[in-house]
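Number of protein chains: 2
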Amino acid sequence: MSKFEEKTLQSTEIFKGNVISLQVDEVQLPNGRTSNREIVKHPGAVAVIAITDTKKVVMVEQYRKALERTIVEIPAGKLEAGELPEMTAKRELEEETGYLANKWTYLQSFSTSPGFADEIIHLFVAEELTRSHSNLAMDEDEFIDVHEYSVVEMEDAVLSERIFDAKTAYAVIWAKMNVK
Amino acid sequence: MSKFEEKTLQSTEIFKGNVISLQVDEVQLPNGRTSNREIVKHPGAVAVIAITDTKKVVMVEQYRKALERTIVEIPAGKLEAGELPEMTAKRELEEETGYLANKWTYLQSFSTSPGFADEIIHLFVAEELTRSHSNLAMDEDEFIDVHEYSVVEMEDAVLSERIFDAKTAYAVIWAKMNVK
Numbered sequence: 001m002s003k004f005e006e007k008t009l010q011s012t013e014i015f016k017g018n019v020i021s022l023q024v025d026e027v028q029l030p031n032g033r034t035s036n037r038e039i040v041k042h043p044g045a046v047a048v049i050a051i052t053d054t055k056k057v058v059m060v061e062q063y064r065k066a067l068e069r070t071i072v073e074i075p076a077g078k079l080e081a082g083e084l085p086e087m088t089a090k091r092e093l094e095e096e097t098g099y100l101a102n103k104w105t106y107l108q109s110f111s112t113s114p115g116f117a118d119e120i121i122h123l124f125v126a127e128e129l130t131r132s133h134s135n136l137a138m139d140e141d142e143f144i145d146v147h148e149y150s151v152v153e154m155e156d157a158v159l160s161e162r163i164f165d166a167k168t169a170y171a172v173i174w175a176k177m178n179v180k
Numbered sequence: 001m002s003k004f005e006e007k008t009l010q011s012t013e014i015f016k017g018n019v020i021s022l023q024v025d026e027v028q029l030p031n032g033r034t035s036n037r038e039i040v041k042h043p044g045a046v047a048v049i050a051i052t053d054t055k056k057v058v059m060v061e062q063y064r065k066a067l068e069r070t071i072v073e074i075p076a077g078k079l080e081a082g083e084l085p086e087m088t089a090k091r092e093l094e095e096e097t098g099y100l101a102n103k104w105t106y107l108q109s110f111s112t113s114p115g116f117a118d119e120i121i122h123l124f125v126a127e128e129l130t131r132s133h134s135n136l137a138m139d140e141d142e143f144i145d146v147h148e149y150s151v152v153e154m155e156d157a158v159l160s161e162r163i164f165d166a167k168t169a170y171a172v173i174w175a176k177m178n179v180k
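So the protein lines, in turn, are chains X and H.
Mapping the first sequence onto the UniProt record's numbering, position 91 (from 1) lands on 91, and the numbers just tick up by one.
Mapping the second sequence onto the UniProt record's numbering, position 94 (from 1) lands on 94, and the numbers just tick up by one.
There's no promise every hint is true.
One copy or two, either will do: identical chains are not told apart, so a pair holds if it fits within one copy or between any two.
Cut-off 30 angstroms, straight-line C-alpha distance, at most; resulting in silico cross-link-like pairs (DSSO-like, lysine-lysine) [unchecked claim]: (1) LYS56 with LYS78; (2) LYS180 with LYS90; (3) LYS78 with LYS103; (4) LYS78 with LYS90; (5) LYS55 with LYS7; (6) LYS3 with LYS56; (7) LYS103 with LYS65; (8) LYS3 with LYS176; (9) LYS103 with LYS56; (10) LYS41 with LYS78; (11) LYS55 with LYS103; (12) LYS65 with LYS16; (13) LYS7 with LYS56; (14) LYS7 with LYS65; (15) LYS3 with LYS55; (16) LYS16 with LYS90; (17) LYS103 with LYS90; (18) LYS78 with LYS7.
Source of the hints: derived by calculation from the structure; they are not laboratory data.
All values derive from a computational prediction rather than experimental measurement.
Just need the whole structure built from these sequences, with the hints factored in.
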């Protein structure tokens, strides 16, 4: 049993959507009292730090409705059913940026919002890039511009908050340490 | 107008909870077609990289129902209505760990899951720590153990996935660069 484990007394599905679903779990706390936990279920995702031969990192610029603005992120995408994270990473990098990579390295996985969501992002580094085609294979409701940022350009984008999400903030500081 | 902006045609609130609410927005895409965006609304949060005089980082260990396990995170908490992030940061650090800090530095803010949630975490560094009391003021449904990790201990915890969330993964790599 995990420390401070909260036993599920009842789980109620509130919503089942295309991307996420929502459930409310009634739990028994370690002190015996009960509480409710609001939990977003998500299929999980991958994100890719793709490094060009000129030591730039490939970025995608897209509108994020939840934030009501356009931000610049490392390429990422949801896991499809039955798909291994490395397959998703290869598929999303090609679909969103038109790049293939010869060298793939798994970096780490993390939960984005452990307080209310089960989403886990699996982070990969892609190197030895080649162009497969223009970025024409993206999902029909995706509109994306592709950029390539040096470490300095990434740091500027953090300061101006064009880079504004956790996985990309992580990628920037990782690149600062590792892309030389 | 933001590039690739998605105009809201209709917004439907699905659920209003204690921590999050959920809405589905029907949007008009840049190509004129319509799509739905499932959006979790969250009040926003703070997280604190608190560094002791012996160059360790203060961590809290707690059960996360969404992940169904206990993980180790930097101290964090939700913004209360009308509360400035720096006030929340000071309150949460003291409530969760019993530490006060004399020196506060704002680091950056990021969205945790821009694809489906509006949650933004404001990240602070706290130094020159003093103990105020034991960690007795936590919320009634919070059960927390406090730890202090060196950079090496944090890196081990990342490898064993006891550290497993985005803000703490960021903190580890930030500490590796900045805590010497």
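So, going through the hints one by one against the coordinates:
In this assembly of identical chains, LYS56 and LYS78 lie within 30 angstroms of each other by CA distance solely inside one copy; the values are 24 angstroms within and 35 angstroms between copies. For a Cα distance limit of 30 angstroms, the shortest separation of LYS180 from LYS90 inside one copy, 24 angstroms, qualifies, whereas the shortest one across copies, 37 angstroms, does not. Taking identical chains as interchangeable, the C-alpha atoms of LYS78 and LYS103 lie at most 30 angstroms apart only when both belong to the same chain, with a minimum of 21 angstroms there against 40 angstroms between chains. Taking the shortest alpha-carbon separations for LYS78 and LYS90, only the intra-copy value of 12 angstroms comes in at or below 30 angstroms, while the best inter-copy value is 35 angstroms.
For the identical chains of this complex, LYS55 and LYS7 are neighbours neither inside a copy (48 angstroms) nor across copies (37 angstroms), given an alpha-carbon limit of 30 angstroms. Proximity of LYS3 and LYS56 under a CA criterion of 30 angstroms is satisfied inter-copy only: 23 angstroms between copies versus 43 angstroms inside one chain copy. In this homomeric assembly, LYS103 and LYS65 never come within 30 angstroms of each other (Cα to Cα): the closest approach is 33 angstroms inside a single copy and 36 angstroms across copies. In this assembly of identical chains, LYS3 and LYS176 lie within 30 angstroms of each other by CA distance solely across copies; the values are 28 angstroms between and 36 angstroms within a copy.
For the homomeric pair LYS103 and LYS56, the shortest alpha-carbon distance inside one copy (16 angstroms) is at most 30 angstroms, but the shortest distance between copies (35 angstroms) is not. Within a single copy, LYS41 and LYS78 get their C-alpha atoms as close as 12 angstroms, and across copies as close as 20 angstroms, so both meet the 30 angstroms cut-off. Taking CA atoms no more than 30 angstroms apart as the test, LYS55 paired with LYS103 passes inside one copy only; the shortest distance there is 14 angstroms, against 36 angstroms between copies. Taking the shortest Cα distances, LYS65 and LYS16 sit within 30 angstroms of each other both inside one copy (19 angstroms) and across copies (19 angstroms).
For the homomeric pair LYS7 and LYS56, neither the shortest alpha-carbon distance inside one copy (47 angstroms) nor that between copies (33 angstroms) is at most 30 angstroms. In the homo-oligomer, the alpha carbons of LYS7 and LYS65 lie at most 30 angstroms apart only across protomers (9 angstroms), although the nearest pairing inside one protomer, at 35 angstroms, exceeds that limit. In this homomeric assembly, LYS3 and LYS55 come within 30 angstroms of each other (Cα to Cα) only across copies, at 27 angstroms, whereas the closest approach inside a single copy is 44 angstroms. In this assembly of identical chains, LYS16 and LYS90 lie within 30 angstroms of each other by CA distance solely inside one copy; the values are 28 angstroms within and 37 angstroms between copies.
In this homomeric assembly, LYS103 and LYS90 come within 30 angstroms of each other (Cα to Cα) only inside a single copy, at 11 angstroms, whereas the closest approach across copies is 44 angstroms. In this assembly of identical chains, LYS78 and LYS7 lie within 30 angstroms of each other by CA distance both inside one copy and across copies; the values are 29 angstroms within and 23 angstroms between.
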